[in-house]
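Put chain B on the given structure of chain A with help from the hints.
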Amino acid sequence: MKTYSMEHPELGIISYTDKKRYLWLASFFMPLFPMMGVFAYYASGSEWALGIPLFFSYVVIPFLDWGLGSDENNPPEELVPQLEADSYYRILTYVTVPMHFVVLIAIAWFVGTHELTIWSVIALAITAGSYSGLGINTGHELGHKKTELERWLAKVVLAVPTYGHFCIEHNRGHHTHVATAEDPASSRMGESIYKFLLREIPGAWRRGWAVERERLARKGKSPWSLENDILQSYAISAVLQGGLLFVFGWIMVPFLAIHNFWAWYQLTSANYIEHYGLLRQKEESGRYERCQPHHSWNANYIFSNLVLFHLERHSDHHANPTRRYQSLRNFENLPELPNGYYGMYILAYIPWLWYKVMDKRLLELPHINGDLSRVNIDPDARESIYQRYGQGQMPAAAG
Amino acid sequence: MATFKCPGCDYLFVEERGDDHEGYPPGTAFESLPKEFTCPDCGVRYKEDFEQVED
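Taken in sequence, the protein lines are chains A and B.
The first sequence begins at 1 in this note's numbering and counts up by one.
The second sequence begins at 400 in this note's numbering and counts up by one.
Extracted from the complex, chain A is given alone in its bound form:
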């Protein structure tokens, strides 16, 4: 396996071998999981088999995270430039892009050409949507990069779940405003994922369009210009999903609607758990302090990180948004989630359980230490949270 090394003037020879180098191929082979249900259906003849991929994502992966545990691989900062320069890793992200098209088309074909119960159609739409949610993650990795090719591939892959506004909104909106009350993509303490969903999806859409409109206005162009990066991606979506509708008929309307929603909801789920309750402080100048490592929740589990291009090493991602996935690092003493993202999604879908696990964890973080003024709190939950955890403190002026 390839070893990176250098002679450091003070530390002597530093070397690092990425033991996960070939495990990263998992991202490329992940489509086998959504397809597994279809294969098992042919093998068994039972429609129950179509539920296997969902069972794998939401039950098996959390157990694998729990069983396989933490990831000990951590490249030394000094060798990050060498890892970044290794083209193997970036090629993996490129070849993952067409896989997202293959999976949606294959599952749509299956739905469009078989007599299935409504439950099977729903299960398949959710399966395809869950994988296209991973497509948003692939788009996320590519869209943070500086090369034209990678930015173009991000627009292409985001077309699969019709989420072409994501990169603009995420890079220029979320990263700038993360962990503030103003960010629609940072969840607040006491806000359930269902309430968050209604704030995050429309809020992110509006902000993405606002940023793109401003950019085009600076160039003297209309928002309807062909240079609009969002519309370019939507055009690919129209061809892809319009084509599926044309070929496979009306069954594609509910199938694609559920698929698209579920893909967006996967992103909503990730956003919900990544910054829950965390808050940047305002400086005297009126600006927010720069995003610090303690403004993101992390999960350093080996399995789900392989599926998600290290997204769960989230603090380092926010500190260095353009850094490539293979070089993201884990640090001690960061806000840490008790399971990988998939396990945490399930927890988030059951709000009372989420609050039970996370609220205590949030308030025990060293930089918060029970101080509710350092928490991003849902205004509607403010009073009850202060009553419960405020130890006699009264809420500051509401609003």
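No lab work stands behind these hints: they were computed from the structure.
Where hints are given, some of them may not hold.
[To be verified] In silico PhoX-like pairs for lysine-lysine, Cα to Cα no more than 20 Å straight-line: (1) Lys404(B) with Lys356(A); (2) Lys2(A) with Lys20(A); (3) Lys446(B) with Lys282(A); (4) Lys446(B) with Lys434(B); (5) Lys404(B) with Lys446(B); (6) Lys195(A) with Lys356(A); (7) Lys282(A) with Lys434(B); (8) Lys19(A) with Lys2(A); (9) Lys434(B) with Lys404(B); (10) Lys145(A) with Lys404(B); (11) Lys146(A) with Lys434(B).
[What the hints assert, rightly or not] Beyond 10 Å from chain A on every Cβ pair, some chain B residues (computed): (12) Glu414; (13) Glu415; (14) His420; (15) Gly422; (16) Pro425; (17) Phe429; (18) Val443; (19) Val452.
Model, not experiment: these values are computed from the prediction.
Every residue, glycine too, gets a C-beta built ideally from N, C-alpha and C.
Then chain B, alone, in the frame of chain A:
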């Protein structure tokens, strides 16, 4: 004409070149960029964080 660098991700704003994609034509002075300007590449460094570099 000067060049300004994002200290986080090394994005360069070269005044002579401007930034066509962002809608800043060649010859745009860094000073004249809007107050809310953030790094077009990483999005996390503000205008006042940028450092002037020798070209």
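Exercise for review: Return the numbers of the hints above that this structure violates; sort them in rising order.
Suggested key: 1, 11, 14, 15, 18
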